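Take these sequences, add in the hints, and give me the full structure.
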Amino acid sequence: GENVEQHPSTLSVQEGDSAVIKCTYSDSASNYFPWYKQELGKRPQLIIDIRSNVGEKKDQRIAVTLNKTAKHFSLHITETQPEDSAVYFCAAEPGGSYIPTFGRGTSLIVHP
Amino acid sequence: DTAVSQTPKYLVTQMGNDKSIKCEQNLGHDTMYWYKQDSKKFLKIMFSYNNKELIINETVPNRFSPKSPDKAHLNLHINSLELGDSAVYFCASASGANVLTFGAGSRLTVL
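First to last, the sequence lines map onto chains A and B. The first sequence begins at 1 in my numbering and counts up one residue at a time. The second sequence begins at 1 in my numbering and counts up one residue at a time.
Bear in mind the hints are in silico, worked out from the structure with no lab data behind them. Only a predicted model underlies this, so the values are computations on that prediction, with no experimental measurement involved. Wrong hints could be hidden among the right ones.
Mimicking DMTMM-like on lysine to aspartate or glutamate, the simulated pairs with C-alpha atoms at most 20 Å apart in a straight line are [as the list claims (entries may be wrong)]: (1) B:K52 to B:D30; (2) B:K36 to A:D84; (3) B:K44 to A:D27; (4) B:K41 to A:D84; (5) B:K41 to A:E39; (6) A:K42 to B:D30; (7) B:K40 to A:E5; (8) B:K19 to B:D85; (9) A:K22 to A:E56; (10) B:K41 to A:E2; (11) B:K44 to A:E56; (12) B:K71 to B:E24; (13) B:K36 to A:E39; (14) A:K37 to B:D85; (15) B:K40 to A:E39; (16) A:K42 to B:D38; (17) A:K71 to A:E2; (18) B:K44 to A:E2; (19) B:K36 to A:E2; (20) B:K9 to A:E39; (21) B:K41 to A:E5; (22) B:K44 to A:E39.
Here's what the structure looks like:
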């Protein structure tokens, strides 16, 4: 089955800095890569996703890049704000499976 | 209107008991899931189910069983609860667009 590695496990930045979270996956059949944000005590919620036919996608301060050859994808957050503090999960989903496998999460702390 | 609702939100019980967590979605989604989130925040798939197929993560003990009375519900039954079952259990649903919508979670504490 799919295996997703996510790094770092904890990321601490100053407000206004950029944050980058990296993930690798093992199954070359994976073609859908979502990112979820989970605030403390809340449910995970999708913030951005990318499909394998696209190399990069942006939505305001967040962007995701995908390198299919290397089987890795990354989340980039620019101009971080304290409300960006949360646990971020990457996931990879093989085509047709409808079952995403999650990374272990990255706890992002943005200091004011 | 809550899209994916699960009850109870908190559940405290003794080892050896049997308990259930209910999940309902009003999004018309075809696939429903149960995930377990442990104290280290790892989200582990337990089951996925649509009207055609139940897929079970082979690492899940057979004390756990999903039951789906209809397309909008996927309940989780747990027999002979153990200390290690303590976790937050998330129900989720998805359409063919792959995006998961999670419920608010049910925190299970086994004493």
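Checked hints:
no. : hint           : in the structure
1   : B:K52 to B:D30 : holds, 9 Å
2   : B:K36 to A:D84 : violated, 24 Å
3   : B:K44 to A:D27 : holds, 17 Å
4   : B:K41 to A:D84 : holds, 17 Å
5   : B:K41 to A:E39 : holds, 11 Å
6   : A:K42 to B:D30 : violated, 24 Å
7   : B:K40 to A:E5  : holds, 15 Å
8   : B:K19 to B:D85 : holds, 11 Å
9   : A:K22 to A:E56 : holds, 14 Å
10  : B:K41 to A:E2  : holds, 19 Å
11  : B:K44 to A:E56 : violated, 27 Å
12  : B:K71 to B:E24 : holds, 9 Å
13  : B:K36 to A:E39 : holds, 17 Å
14  : A:K37 to B:D85 : violated, 24 Å
15  : B:K40 to A:E39 : holds, 14 Å
16  : A:K42 to B:D38 : holds, 14 Å
17  : A:K71 to A:E2  : holds, 12 Å
18  : B:K44 to A:E2  : holds, 12 Å
19  : B:K36 to A:E2  : holds, 17 Å
20  : B:K9 to A:E39  : holds, 17 Å
21  : B:K41 to A:E5  : holds, 14 Å
22  : B:K44 to A:E39 : holds, 18 Å
In this structure, the earlier hints numbered 2, 6, 11 and 14 are contradicted, and the remaining ones agree with it.
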